[in-house]
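Line by line, the protein sequences give chains P and E. In case it helps, the numbering used here puts the first sequence at residues 1354 to 1969. In case it helps, the numbering used here puts the second sequence at residues 1296 to 1524.
Honestly, the hints are just simulated from the structure, not real lab data. Some clues are possibly wrong.
[Unchecked claim] In silico contact screen, one side only, chain P against chain E (beta carbon under 8 Å); selected entries:
id, residue
1, 1410
2, 1650
3, 1653
4, 1681
5, 1701
6, 1755
7, 1892
[What the hints assert, rightly or not] Coverage of chain E stretches by chain P, computed from C-beta distances (three or more under 8 Å per stretch; other residues unrestricted):
id, segment
8, 1361-1371
9, 1388-1402
Ideal Cβ placement from N, Cα and C applies to all residues, glycine included.
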Amino acid sequence: MAETELGDVVINGTKFRIDLQTWKVRDLADFAPRSSTPGGSVIHSDLLLYQPMLQTDWRHGFGHHWYDDAMGYLATEGRVDTRQPGIAMMYTGSTSMGADTNLLNGFITFNSTLYKFGAGGLSSWTSGTTWANLYNTATVNCALATKTYLFYCGDGQRIQKMTTGGVHTTAGVDANATDYRWLIVHNGYIYAGKDGTNEVYYDSNEDLSQLHGDVAGDTNEILVGGGGIPTIGAIVYASNLYIARQDGLWVLGEDMIARRVLDFTNEINSTNFKSMCVYNGYMIFPVQDVLYQWNGARLSRITPPKVTDTFPYTTYGAFDNLVAIGDFVYCTAYTNESTPVHSLLCFDGTSWTRLADLTPSTGTTTSTPAMGYDPVHNYIVYQAVGGSAGTVYYIPLQARSSYPYAAFMTTGTHSVISSRLDMGYRRVVKSTPSMLVEASNVSSTVYLLVYYSLDGAAWVAWGGTDGTTNKISSAGVTELTNPLGSATVPSIEYKYLKIKVVFVTGTATSSPILEGLTVRFLLRPEVFWGFNFTVVAARDYDMGPHNDNRYPYDVISALRTIRDSKAPVAFIDIYGVSYYGYISSLNESAIERHEYDVGSEPNIEGIAQVNFVEAR
Amino acid sequence: MPLSRIRTPSKVYWTFRRTERIKIPQPVERPLDIHARDVVRSELLQSDPWWFIMHRRGPRRLYVGQDPLEARAVPKNIVRGTLPERIIYRTLIEIFHFIEGADFDFQSSLQGGRMELGGIVADFLFPTLKIVLQVQGPTHFEYMRMAKDQEQMGALLEMGYVTYEIQENDIYNEFKLEDILRSIFNLSTGSGNAGIVDSLGNMADDLYAIAVEIRDKLNAWDWGYGYGR
Chain P
1354 MAETELGDVV INGTKFRIDL QTWKVRDLAD FAPRSSTPGG SVIHSDLLLY
1404 QPMLQTDWRH GFGHHWYDDA MGYLATEGRV DTRQPGIAMM YTGSTSMGAD
1454 TNLLNGFITF NSTLYKFGAG GLSSWTSGTT WANLYNTATV NCALATKTYL
1504 FYCGDGQRIQ KMTTGGVHTT AGVDANATDY RWLIVHNGYI YAGKDGTNEV
1554 YYDSNEDLSQ LHGDVAGDTN EILVGGGGIP TIGAIVYASN LYIARQDGLW
1604 VLGEDMIARR VLDFTNEINS TNFKSMCVYN GYMIFPVQDV LYQWNGARLS
1654 RITPPKVTDT FPYTTYGAFD NLVAIGDFVY CTAYTNESTP VHSLLCFDGT
1704 SWTRLADLTP STGTTTSTPA MGYDPVHNYI VYQAVGGSAG TVYYIPLQAR
1754 SSYPYAAFMT TGTHSVISSR LDMGYRRVVK STPSMLVEAS NVSSTVYLLV
1804 YYSLDGAAWV AWGGTDGTTN KISSAGVTEL TNPLGSATVP SIEYKYLKIK
1854 VVFVTGTATS SPILEGLTVR FLLRPEVFWG FNFTVVAARD YDMGPHNDNR
1904 YPYDVISALR TIRDSKAPVA FIDIYGVSYY GYISSLNESA IERHEYDVGS
1954 EPNIEGIAQV NFVEAR
Chain E
1296 MPLSRIRTPS KVYWTFRRTE RIKIPQPVER PLDIHARDVV RSELLQSDPW
1346 WFIMHRRGPR RLYVGQDPLE ARAVPKNIVR GTLPERIIYR TLIEIFHFIE
1396 GADFDFQSSL QGGRMELGGI VADFLFPTLK IVLQVQGPTH FEYMRMAKDQ
1446 EQMGALLEMG YVTYEIQEND IYNEFKLEDI LRSIFNLSTG SGNAGIVDSL
1496 GNMADDLYAI AVEIRDKLNA WDWGYGYGR
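Build the full structure now, drawing on both the sequences and the hints.
Right, here's the structure in full:
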């Protein structure tokens, strides 16, 4: 209780007597302001007390830490495809094509047959059978298919060619036509980069019968830059042949002179230009752990964003095996974690989707050395190697569609995790009693599970009983209520919320479809108070046994000083509750002059209306 | 006496009709402009007392936060332009990875027209892609404006630019704008393909073969007056 011997309230240590009839207190914080949030359209409002915050599209991919994009989210787990407008669904599973621990350098198709090449040589694959080894003298560095021949280059070995009939013979002009790192067709020639050097040889003969392999035999060889840094690959882009080294990119002119167009000398690294592809008019390549797209004039970064929201942040790097297929670019990459996760990433020109984690049959993946596209079978083919285990897999693509092929995984965890939903106000507490989930193609065995995380805490099944209260097994809109599963507390309160939706299927040919998430919420700001009362400024005012002999001006003066205070002042209300705040308004009125009192100050009795605002 | 025909003097020649660029007239000022608000004597209106709550509308709740449309736009102090222009600007840069100055050149319609294009208003000009994005405002459907736009599109087409008009309301719809821009810039719209292996993949070849066959038959036809020879 306030010390009431000389007053009802205490402001900044000074006691004031007030007219109790005038005491008013009001909450100054709005009960539940309506916030504007991205994607929160009024047409989705249910016109009730709670506001809806919805997400109906996930095309802007992962890496959105906070909900700043109506089509973005934080991350996915397992195999989830969010590339299609208006839905999120599972992504196709991988099928083994057989074990192979020899690190591959790539895949190629020739004469309607898929081949793999690498440390194990050259092998062909026929659907329903195993790989057939065709050459194992040395590691095959590269291969090139034309209509007539499949050329392949063993490491340190003479270039070979294979006809459509499967006859293997040597190519090249002589015994020096050996050890090529890459081959490419451009402008009527086949160009071959000599392994470990900056020399490039070329030949216009269809069977490469005149391809040289040493400077002595061919004075027309092309030298790409200087400094003894070898070429690592080449690509045809916008009618020009570009040749890459770890320190930059060269363009080959009509005069057969290579000139540098991009210089990364100060960032020289073994990951530079490890892979290149052309997509939608751009050339895409990595330099260290940055992925660039280049239009021939300027570079812009398209590196995927981070995939976690807590330190240490998980990011992707070591981009490799870039392949443009249809509407998308696919690549492999792995995370910066102590045990890196190798993933299949997809870029659609705007954003990134993590389609799958690439794991071998046993153990964790330590390498994804090769990935390619098999147009014969319409497969993405890749090798995942973990320790002593290695396997070649394929992921089928759906014909005449960009949607994933219906061969989904019936095991594992596959989920999409929302951004942190702070509704635009991170420090304001929100309350959520329910959420709406729009789903289709769901049943008792093909369904969604919904989890939430409050302010970064662990995931909790919505409703408290995992697999029951958080299960979406009915198509259409399902309202999930009572998030805690409590008989007494109907809602959850948080500053930010994350929602995780897990996709579960017991049928490999069917995926649950997530079409929309709507979180209903109220912003519930902290309440702060405003006080309105009238202070009595009168001398010889009796308060029980006490007598206040302050002159009125002493009271007024104290209030004026407090009104001018720059720092908040302490305030004890009539019930003895303490606050800090400011006098926001002071209105004084004189009531009566006491002529008989001839003290040091005029004794003019008055009142002062005070508005005191709590500072929070 | 029969009237003699008045013939056109031989020194008078017909000329092609002179064409002029369409000029959009300025809006006509109203002779008397009274703002309705001015006639309301606001001092006579009583605001609700602090304790009053209109229950039919629920408790009074403030609207707080940034305008969702402004949240999608580049701030005015960075890029001068209308709201839809600034929304497209930000979308092009943040989502589609374009760079102003390198990939496209922006000039707001507020600034008149482009000197290098003869005064034509081309909001977003992609010189390499030869694309122009035009943001169409609410006056787009007025007759004169439509004619002017058509004229400008024709002029841009002569210069090799394809003009895409984007309606203001479509820009305000985040999802629709996404699909429109994806279509313009040849990105996935959910109706493409992830890999082509089927008979449809040969459709282009089939069409070409049919076209060649038609051409050969036309060439072989004896038209009698040398056509196709």
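Structure-based check of all given hints:
At its closest, the beta carbon of residue 1410 of chain P sits 6 Å from a beta carbon of chain E; the interface hint therefore holds under the 8 Å criterion. For residue 1650 of chain P, the suggested interface contact is upheld, since its CB lies about 6 Å from the closest CB of chain E, less than 8 Å. Of the supplied interface hints, the one on residue 1653 of chain P holds, with its beta-carbon coming within about 5 Å of a beta-carbon of chain E, less than 8 Å. Because the closest C-beta pair between residue 1681 of chain P and chain E is about 6 Å apart, less than 8 Å, the hint holds.
Nearest Cβ of chain E to the Cβ of residue 1701 of chain P: about 5 Å, under the 8 Å cut. The hint holds. Hint status for residue 1755 of chain P: holds, given a least beta-carbon distance of 5 Å to chain E, under 8 Å. Interface restraint check for residue 1892 of chain P: the shortest CB-CB distance to chain E comes to about 34 Å, outside 8 Å, so the restraint is violated. Coverage of a stretch by a chain is defined here by at least three residues with a beta carbon nearer than 8 Å to that chain's beta carbons; for the segment 1361-1371 of chain E and chain P the count is 5, and the condition holds.
Closer than 8 Å: that is the beta-carbon criterion, and the segment 1388-1402 of chain E has 7 residues meeting it against chain P, so the requirement of 3 holds.
Going down the numbered hints, you'll see the structure goes against just number 7.
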